[in-house]
Structure formats: structure tokens, C-alpha cells
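Could you slot chains B, C and D onto chain A? The hints should help.
Protein chains in written order, with this note's numbering: chain A, 1 to 231; chain B, 1001 to 1146; chain C, 2001 to 2201; chain D, 3001 to 3223.
Quick caveat, the hints were computed from the structure, so don't treat them as lab data.
Note that this is a predicted model, so its numbers are computed, not measured.
Restraint ranges, calculated between C-beta atoms of paired labels, are given here:
hint, chain 1, residue 1, chain 2, residue 2, range
1, B, L1012, A, K10, 32 to 42 Å
2, C, K2179, D, L3068, 49 to 59 Å
3, C, E2116, D, F3041, 57 to 67 Å
4, A, L166, C, Q2148, 46 to 56 Å
5, B, L1012, C, E2054, 27 to 37 Å
Using 27 Å as the maximum straight-line C-alpha spacing, the simulated DSSO-like pairs for lysine-lysine come out as follows:
hint, chain 1, residue 1, chain 2, residue 2
6, B, K1065, A, K112
7, C, K2013, A, K13
8, C, K2066, C, K2150
9, C, K2177, C, K2105
10, C, K2063, C, K2179
11, C, K2177, C, K2150
12, C, K2178, C, K2167
13, C, K2067, A, K81
14, D, K3159, A, K81
15, A, K20, A, K221
16, B, K1117, B, K1060
17, A, K228, C, K2013
18, D, K3016, C, K2105
19, D, K3217, C, K2067
20, C, K2088, D, K3159
21, A, K20, A, K228
22, A, K51, B, K1117
23, C, K2127, C, K2087
24, C, K2105, C, K2179
25, D, K3005, C, K2066
26, D, K3005, C, K2067
27, D, K3012, C, K2087
28, A, K221, A, K13
29, C, K2150, C, K2067
30, C, K2067, D, K3223
31, A, K20, A, K10
32, B, K1080, B, K1061
33, B, K1067, A, K112
34, C, K2178, C, K2063
35, D, K3223, C, K2066
36, C, K2063, D, K3217
Partner residues are not named here, just some residues of chain C that face chain D (Cβ under 10 Å, in silico):
hint, residue
37, F2070
38, L2089
39, S2090
40, N2096
Cβ atoms here follow ideal geometry from the backbone N, Cα and C, with glycine treated the same way.
Chain by chain, the residues run as shown.
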Amino acid sequence: MFNFLINPNKFNKFADVIFKPLIVITSLTIIVGLLLVYLSPLDYQQGLTVKIMYIHVPSAWLALLTYAIMTIYSVIGLAFKTPFSFIINKAIAPIGAVFTILCLLSGSMWGKPMWGTWWVWDARLTSVAILLVIYVIIIFLNYTFESREVREKTIAIFILIGSINLPIIKFSVDWWNTLHQPASISKLSSPSIDISMLQPLLVMTVAFSLVGLIIAILRIKAEILMRKNYL
Amino acid sequence: MSLRFQRLILILTTLVMLSAALLLILFNTKQNIVFFYTPTELIENKITSGVKVRIGGYIKKSSIKKKSINSYEFKITDNKNEILIFYNGILPDLFREGQGAVIEGSINDQNTVNASKVYAKHDENYMPASIKKELEKNNQWKKEYK
Amino acid sequence: MLLINNLSFSRNKNIIFENLNLSLSNQSITQIRGKNGSGKTTLLQVILNILESETGEIFWKGKNVKKNIFNFYNETTFIMDHNTCTKKLSVMDNINFWRGLSSSKLTNNQILLLLETFNLQKYQNTKTMYLSSGEIKKLELLRLILEQKKLWILDEPYNHLDDLSIKILNQTFIDHKKKDGVILFTSHLNPNIDNLEVVNF
Amino acid sequence: MTLIKKILLFLKRESKLFYSNIVDLFSNILFFFLSIFVFVFSLGADQELLRTIGLGIIWSLLLLSSTLSLRKFYEDDFNNGVLTIIHMGGISYELIVFLKILSHFFFVQMPFLASIPIASLFFDLPVNEVYNLIFTFIIGSLILSCLSSISASMNLLNKTNFAIGSIVVLLFSIPVIIFSVGINNPDINVNSLINLLIGIALIFLGISPWSSAAFIKLALRNK
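Only chain A is shown next, with the shape it has when bound in the complex:
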């Protein structure tokens, strides 16, 4: 049933089926999300600046999610030697990098009026910057080695080593005194964000993930085509 997640041919077929509906759904979600953001109330403290959050938080989540997906696929790829894992790793690393850049830029734009600075070296900001560096190294590694097998496995091992950074990013705000605020939404407690702001945030998150998914599908399909001779 979930074969399309590991088999290139089945993935191609699956992608062909869902691609057009996906585009329709995505455009609808984006429109609804932007409308909701437009209609969402101003914060009692931040005023209009709160709306940067609707870009910042989804891109941060997706930057982490992309890396988590790459980690899972690397484990699968190294353990079962599935070529599709390495296709995924190559295809979605730039997407994660773009989301990380988006997260850092929007955070910076929010930080200047709110905190009074573009950038501080606190634990959360530093660890996300390191995530960006890791993404960039992964992209570089794709163009470094001559042998394909070497390239793929090296990247997978490197991704696994770099995944130490994920829990550090997540828990940095709880472990250390940081300028960055702790998470507003967690499973254990009721969110400390009002429902009228939570709704647009969630819709925007879905919209961002769908856009990421569309780009990922296109890149993965291109990658499969390029490797047709090897698969």
C-alpha cells in the first residue's frame, strides 16, 4: 500500500495521479490561508508584526520536517540499499535549505522591530543557522564525489550525523535561557495561542507543506528520469 514511498516506478504513477488535484487543492489552501491571515486579529502586544509569524513558523516546521524525512530515508537507504532513498535525499535537500533561509529571514524581520535586533547569538538562532550550514554542505556533497555509490552513501551518513542537531533546535528554548520565545503549540498543554490566530497558522502550515510537496514531486520525478539507466 505504501510502496510508492519506496519504489520509484510506483511513486511516478502515484505522483501522476495526484498531481493535478494536488495543484488545485494547494492553490485553494493558499488563497484561504492568505484570506485568513488577512482577516486575523492584531496581537495585543505586537500589533501588525504578528503576521510575520504565519510565514516564520510554517517554514521553520518544514525545515525541520524536511530534515527528519531525509534522516528516515537515510536510515532506510543504508539498511536496505533502496536507491529511492538517495533520490529523495538529493531532491529535497535544497527545499529544506530554502525553508531554513525563509525561516531565518522572516525571523530576522520580526526580530528587528520586536526585539530590537536583526540577529543575536542565542541557542535557538545559532542551532537553526547550523541547520542551514548542514543543508548547504549536503548540497555541496552532491557535487563532490565522482562515484555515485560513494556520493549517495556519504551523504546519507552525513545526514545521520547531522541529525543530532534536530533535538537541539527543538529543545534549545527549554534547556537554555534564550531570547527566542518557547514553543506556543505543544501536545502536552493547551496552546498558548488564541484560536483565531491558530486557525490561519495551521492553514498556512498546510499550504506551505503542499507547496513543498509539489516542488518535491517535481524534483524527485526529474531525478528519477536522470537515473533511468541505473534503476
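Same frame as chain A, now just chains B, C and D:
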């Protein structure tokens, strides 16, 4: 010794190492890397004057005094101790009374600091302005730091 | 002794060899003969499990090599086509290292005698980087006798050797064969050994 | 028992190699001191300034000097096939990496320990800071050895882009630097910081044998 046995031993050592590392890190993160200190920590540690520090806390209610354009004086508190801050410069948007802030500057003497930079700290609460008014009307608005 | 079943290996979709079968009996010398670049070295590396085969199995004394790899290594000496001695260490240091790794029971006197027969005793404390390539090759071949293993696998052993040394090497092969040994080597030459089994590759 | 004998044999060989390569080590230390001079002269002889930034400079230069010996880590033994011979002697690649890390720690990093007090003289560092620096360096250099092993084994795989190995070392040494330099914050809990550093060292000590061995096996397969 066979390859499998060597691997087994190595896997076990790795697991022991990683779990020890996890314990060490989880039990020791709280105290060490600090972006800022609270006023109580600062006073208790008796840092010599002239040292650069970051202090985090809440801005005491009705303590902000504007001395001239872009020159301010206010108090940072953690409900136990407070520290007087002098600052020349532009304050960030979020800087208001009762709000969290981080101040970077050098210590003059025990309880006063010359700030070179002021960051406003935002908490994890997001709330529409209208609801806050509503809450305040019904006297349900709670603010811990006054 | 050594049984190779249905072995195939390919590199980047280029098939190097396919469905290869080979069996080496006790007291035998086998040569794999072929041109440069025909994959002789690769075959040896696949047999030694340095490279992983795509299909096929290898058995040593009836046991699967992959599952008992250290038992297999424990009875094997592998001489590569290039030098494996550490250039910055002296001849004696290298020998002691090999001796320790293979848990060889040779005494110091026996080793000195060996060095004398190979005409290397004057270099005992010289760093190997100052030896000529023929002398280094002889030092390398010393490992055959030093390690006292049953199976000898050699990659191009005749390179860099003069006629006399080739004769000595052939004699060593025959001696080892008489002592229940098994020898597998690759070469593009046609060595003068009786009862040589040749696999054309 | 035989395995322990072989491990001792391996370490003995490493120590012999260390003596024959001792000039390399001294050049690394010389590099370290010369770069300190370059720093001091480019900043000017402001004693106050040097004292505040001294610790950071010493740490970053130690880091850079240790990336110099990166290529020596596996390359020689890999190219002449000694790694294969050792493996055929009955030691798994993971164990070889572990032993290599230990010997790198003792023979390459520890000699720098002696040069730290001299280096801190140039920056006029207070005694307790030097003491802390030595203490954190002992743990931090173990982490650096693990990182060097990972990136050196990664360098076996590519013959052109050597910068990538140094980048990996620098990237993962960021936490080491943060916590090691943080120790001189006047009111930090030194014990918890040391514990944290040991924790990081254990993590890298745990993962580097596996990842380095994987890289080495890959490199052997694609030699």
C-alpha cells in the same frame, strides 16, 4: 574473536556511551549556556564592576523615566530583586512596562547597569487585542509581574 | 578446500565476471591468467570479501566465508600487487608487526635466517623507504613464510623480481604445496611450475 | 586474549610511527605559535584587549592547527593497504577506527597541551583561565580527534575537494568551542559544563567508529 562478537561488543559500548551522554546532557543543560542572567543571579554572584553582562527580567511597572530624547532610566525585576538600568538609544517596539526584556551592558556597582543594547523579549502568548480588552473588562486578565 | 560457486560481480553496471565457478583442492597451485584490466585483482578481492559479490557463495573447508570471515582470514595470507609495508618503519618493525598480527610462532633466530636467505639481513634496522623496489617485494613475499597460513593468495607476485628470486619463489610454492598448502595467484606470465592449474580469465 | 595482544601491537606501531613523524608534529606546533604571533601583531599590543580575546583565539587556532594533520590520519595506511592487512589480522574496521582515534588523541593532540601554557603567556591570561583551558582542552581534543577521524575518512573518498573535510571538522566543533570558551564566564557552574563536554565527547566517540568505518569500507570498495 569473531567479527560478529566484536561488533556486538562495540554496539553495546556505543549504546552505553550514548545513553550516558544523553543523561549527562539532559541533567546539565539548564545551568550553563545562558543568554542572560536574572537580577537575583547577578546580585548573588557579586560580579565586579566593569564586566559586560546580559540581564533578563521584566520591566517594573511605572519605573520607566524618560530623561531626554532617547535617554531612559528603568528597573528590571524578577519579583525578588531589581536592578536600575541607564540606557541611551532607541527602544524596540515591544518594550513596555510589565514586558520581558534582555539588557546588555556593563555593571556600574551592585544594583545599576549602563546598558549598551536593549532587547525586548516576547513570551509564547499570542492573543488578539480585542480579547485582551474583553478580559480586562471582566477582570480576568492576569499579569504575574507588576 | 576453497569452493567458489556461481560468483558474479559488476561495477557501475559493467559486468566484470559472471557465474564463475572454481574449486581449489588440497595441495594445489592455481594460476589465474589474463590480460591487464581483465578483473583478476577484482576477483581476488571478491574472494577475500573486500568487495561484496552480487551473487554466489564462497566456501572454505565447507563453511561459508562471509559468515566466518575471521576464521577464513586466520588461515589466509594475501599479498597485494603493491607494497603493504609501512615505509617509515624499519624492516624489523614491519616484520614484527606482521608476525604479531598473524600470531606466528617463528622465533627470532628463524627470522634472521630467513632474512639471510633473502639477502636482507643488512637492512634489519633500515627504514623500508630506503630499500629498492625488488628488495621491498622480497620483504613482502617474506610474509608468506612468516605468517604460516594454509591458503596463499597472491596478486601479480612476479612483478619486480629477478630470475633468481622467481626460482626461489617457485620453489617456495612447491614446498608449500607439499605441506598441504593451497595457492592461488594471478599473473599474465607463464611460470615454470609442475602440475600448475591454469584458469584463463 | 589474542585480540588484546593485537590491539597492543597496533598501538605500539602507532607510537613508532609517531616517533618517525615527530617533525610533522613540531611543524604543527610551530604553525600554532606563528599564527598566534600573526594575531598578536595584527591586533596591536593592547594588553587589555589581548586578555579578553586570548582564550577564543587560542581555541580557534588549536582547532585550525589540528585540521592540518587531517590528511595524515588514514591516507598512508589506506593507500598502501595496511588497513586491509590489519583487518585481515582479525580487527574489525570499527575497532581500528576507535584505536586510531585514541592514538591520534595521545600522539597528536596531547603534545599541544604543553604548548598551551606558553601560548597563554603571550596573551597574559590569568592562571585560573589557563587551568580551565587545559582542562577543557583535554576533553575537547578528544572530540576533535573523533571529528578528524570522520572527516579524514570522508576525504579518502574524494580526490579533489579537500576543503570539505575541514568544513566538517569546523562545523561540528562549534558546540565544543561554545562550551569550552563558556567556562570562563565568572558565574557559570563549572561542573555541569565539564559534564556537558564529556557528554558531547561520548556522543562523538560513540558514532565516529561506525561512520568512519562505513566511509573506509566505501573507499576500499571504490579504490
